[in-house]
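Protein chains in written order, with my numbering: chain S, 1 to 184; chain E, 1 to 98; chain W, 1 to 997.
Any given hint could be a false lead.
To be verified - Reference excerpt, derived from the structure (chain S facing chain E, CB under 7 Å, subset only): (1) Pro55; (2) Gly73; (3) Asp75; (4) Gly137; (5) Ala138; (6) Arg141; (7) Thr142; (8) Val143.
Worth flagging that the hints you see were computed from the coordinates, not collected in a lab.
Cβ atoms here follow ideal geometry from the backbone N, Cα and C, with glycine treated the same way.
Spelled out, the chains give:
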Amino acid sequence: MANQVTATRRPAQSGRDTSARNVKLAVLPPAERISLRAPAGAVEALSRALGLALPVRPCTSATAEGRTALWLGPDEWLVLDEKGGDLLAACAGVEALHSAVGISHRNVAIAVTGPGAETTISAGCPRDLALEAFSVGACARTVLGKIEIVLLRTGEEAFRVECWRSFSDYAFTFLDDAARDAAS
Amino acid sequence: MLLIRCPYCEQDLPELEFRNAGEAHVVRSGNLVAESDEDFERFLFIRENPKGIIYERWRHIHGCGRFFNAVRNTVSDKFLMTYKAGEKKPESLPGDAK
Amino acid sequence: MPQSYRLQGKGRLTPAKGLRFSFDGKHYSGLQGDTLASALLANGVHLVGRSFKYHRPRGFLSAGAEEPNALVTVQRDAARKTPNVRATVQELYDGLDAHSQNRWPSLSFDVGAVNDLAGSMFSAGFYYKTFMWPKSAWKNVYEPKIRAAAGLGVSPDQPDPDHYSARFAHCEVLVIGGGAAGIAAARAAAESGLRVILADEQAELGGALRFESGASIDGMDGWSWAQEAARSLAGMPNVRVLTRTTAFGYYAQNFVGLVERVSDHLASPGGALPRERLWQVRAKRVVLATGAIERHLVFAENDRPGIMLASAARAYLNHNGVAVGRNVGIYTAGDSGYAAAIDLKKAGAGVAAIVDLRDNPTGALVDEARSLGIEINHGRAVVRTAGKLRVSSMTIRPKNGGAERTIAVDALLMSAGWTPSVHLFSQSRGRLAFDAESRRFLPSDYAQDCVAVGACNGTETLEATVAEASKAGEQAAKAAGGKTAKAVAPKVDASESWAGGMVGSGPGAGPDDTVKAFVDFQNDVTAKDIRLAVREGMRSIEHVKRFTTNGMATDQGKTSNMHGLAIAADALGKEIPQVGLTTFRPPYTPVTFGAIIGHARGPLFDPTRRTAIHPWAEANGAVFEDVGQWKRAWYFPRQGEDMHAAVNRECETVRKAAGLFDASTLGKIEVVGPDAAKFMELMYTNPWEKLEAGRCRYGIMLREDGFIYDDGVVGRLAADRFHVTTTTGGAARVMNMMEDYLQTEFPHLNVWLTSISEQWAVIAVQGPKSREIIEPLVEGIDMSDGAMPHMSVREGKICGVPTRLFRMSFTGDRGFEVNVPADYGQAVWEALWAEGRKHGACAYGTEAMHVLRAEKGYIIVGQDTDGTVTPSDAGLDWAIGKKKTDFVGIRGLTRPDLVAKGRKQLVGLKTKDPNVVLEEGAQIVADPRQPVPMTMIGHVTSSYWSQNCGRSIALALVAGGQGRMGETLYVPMPDRTIEVEVTGMVFFDEAGGRLHG
């Protein structure tokens, strides 16, 4: 009885990008995401199911096959799959105690790249982002201006900024403003 | 802006990521309904608000999300130590606690 | 007379780089590298302002940030108008347009100067004592008049068109101050390879080397050495040199605020460049190299234009090549005055005489001055000056009294000695100690990981300063974890020292003299005022300060504090340290609001949150309202409809057919784990263990004190999974409270919380036709009443995408809430809209939603409750699990006050005249004839016109309300008293059949 209307997806800030002299900003395409919560005893089983070793050291991440797990708290990971892999399905078979909740649509990701990337984010993020303090692969939930973000360093001059959907306009506008200052 | 050591992240991090959550070691009774009015008043309303050393709760709300305990000097605003939620109130404090 | 005071071949500016500027409409020329002050002086202009209280003519006191007098307005265009700019700091640019302040009708003829003639009236505390009564007149008459007459510049009346930026920065060593000490410290620290930031408020590094002459460092003259060092530091990858940057605040744990003035010195700023940039620096170690500020001497009429600090005159001469006069007098209490006299004399400017308070001055500088033929009057004091708009003479006499002599001068330089700039050290909470011998406060006990070096630490020669700073830089880097070779301190060959001097009032300005000897120029405080404060009973320096306003102007007493303190101590017959020192607070110099705000303007002032369906609402003419940070569709007016008409139509349509409502902003939390139900039992008043998967329940959450905290519908998706909704405003705090209890009180429970507020877009479809609208789009869900009764939840697909479909109602009519992943929200809304139109449905906004729920007596937490309302007060007793032994708030509910009689309870109100709509917040009384102030027994919490009821409806909190059914109460308004009847809270479909029908 259902008629065959299929809803089209309209991601927030889709395709928005900008480049200043030292910095490029780009809203990244949608990714699969789960918020994964589990006690230490379930880490091994979940790692096996997801195909990557869930990091247990604070503020570190692990990547394999387009899949990245970010340590956000002692029992919390943000797991991303940029190849469309079904993360909920991957965890569904795990018997060990855990909670996997789909949040693919909750977050929007913005790539900040270039020699001025660190300076751009430092306009609103109080953490020390020097390579020595926040190396490639480091990640953290933190703040950017007046919003909360998850920050992942994907390269020496590259960051991934994740925020909630309704804050993505603010995040992009803020980074854009900061990028212009970083270029000046 | 203070720097606060998160015992879960094991780093000193900017205060902007944290939120104070009031006095620590206020025990919620396992049998709250049986508490006398006086005991319940003490639990709900009465706080030390000391000048000097305070044991208080913080949440690394824009970080790892964990609640933890801290010992801070309310006069100098110095953190003497932080420790995880559920850990006992420390019996001794690091050197410059006076 | 173009720049007739500019001396050829003097100074460091390039004559070819000429700039034009104007002051009070008159055009002048200056040079690249000038400040507004030096450029005006080059043109012989000394008169630049009128004083705050007495409107006395004033000129430049200093050549730096401490300037109390030379405040001007710099105007670029109608919006770019900056008042209270210190002319001594403002760099000249081509076309600079500056105006004097606090004068009318003109700077040279100012009507307000009558205050000066009546000066004996305007003593300290005059305003407090004179304008005391009637009390109301202070606010309405006196204060506005006084403010208009006494004042600084006028604020611009247009929005600031510039933009500002901000950065957090981290370093191992922060060096504040870029004079010889700061440079030496930064160079030594930078050797380690660690991150070093060097900040200085001037355009170029060099500090006091700007005015000093004859110093040689590493074989170069001092200034050249500083420029060379600046270049080499700037070239190091681990070093950031910030010029035009003021460290204004030193906060806990080496957190220091800096403001960088990025484009105020440019002829055409704008573009990508911010006007200012705020740096919030976290440093492992801080080196304070903030130098010292020269003090003036306190004597009669020491404030005329042309009277200035000796070091300032040297800066104008040695840096800008400007002679501040052609016949200059010098009044000094130490060697610094001699250095100025010598420089001027050598440059060919006439030196009238040196007046030295000391009885037998000796030393190299004294000898040199003498050998240059400069007249030296030792053991003497300047006791008076003359000159209307510029000093024309000084009158001197032996300091202990004797014959007077008047000497013509066209400028008079003063030096009472040097005050170490301990402002930032003091802000760091370090303790200052008074050094009795040198009569100054110096850093004593450190509270943070910092060190003071050079003049701000009381070190008195350049050689000692550089050696001390170099070592401190090296040690700071080492302490911050750096490996560093032993730094080689630069070799210094210099003879000047900044020791000696005096504090307090000079001869002729003592307790028996009735002269105006200024201590604080900006606030017009004289030595006499400070003594008066003591006579009036002020004992603490903090009281003296507030009574006289000494040190309370925008310059915060940089030149006046020590003199004021010494005069007060003298009057009290106490030693200076016993009287105390006023507290140094941020900011060191004024900071613009723009710098503090940074990026947070316009769209970045606060995040604006929009739902996934927002674009549709916007395209369909919605009027939005702000709900926290959210923009929510308020109502959807059609052509010709006002708000009232639109809301009436929306309310009617929902009950007649159906309506679509964007409920995406509701907070949503997924509660997952084997102990999920146990956790829900503890967090909500309701029972949850027995709620079947697939069913929903309205939940109430209390605080531990027993008052309602939040509410919402909760769906159980599976034995171990709940989909919890919260109010829009409560989303974040409910999540926080749940986490708090879970982590700290109930950590034994195996359950986790995830915010899914933004994962799901929520489309409420409400009304008798709601099922018909949704059903054709849904796959895998049987929506029949039997299979999906009111208060149930199903998972399936809609429009080919996943949905959590709730059957629930906030209107009292049959209703559903369609949850879909947010990116699909708009597409699913559009599909539902297309179906809805077939059935005559409308889109409705938050206003209609409010009316519809009020018709049914459904409360809104935060509107009908205010943090003092219990479930019983709100008529929600039924939602408390009676058999439960614990939940948050269970004990609070039994507190004596919460079960007492006469509590305010939620009831309905019907106005006797059905057309009258009450005002929300209006107070309610039982007897309108009682005398004022009346006893108020409650207030209106919600009130609307209900088109469906054909009358107004209202909810109210009324004392003992549930026992007053049918009673008549009164709502007194300014123009009339409204009669109301107390009723139940349900105004529409009291039986509730429509929920299921």
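Hint-by-hint comparison with the structure:
1. Pro55: 13 Å, violated
2. Gly73: 4 Å, holds
3. Asp75: Check failed: Cβ of S/Asp75 comes no nearer than 9 Å to chain E, outside 7 Å.
4. Gly137: 16 Å, violated
5. Ala138: Status violated, d = 11 Å.
6. Arg141: 5 Å, holds
7. Thr142: 6 Å, holds
8. Val143: Status holds, d = 5 Å.
Comparing the model with each numbered hint stated earlier shows that hints 1, 3, 4 and 5 do not hold.
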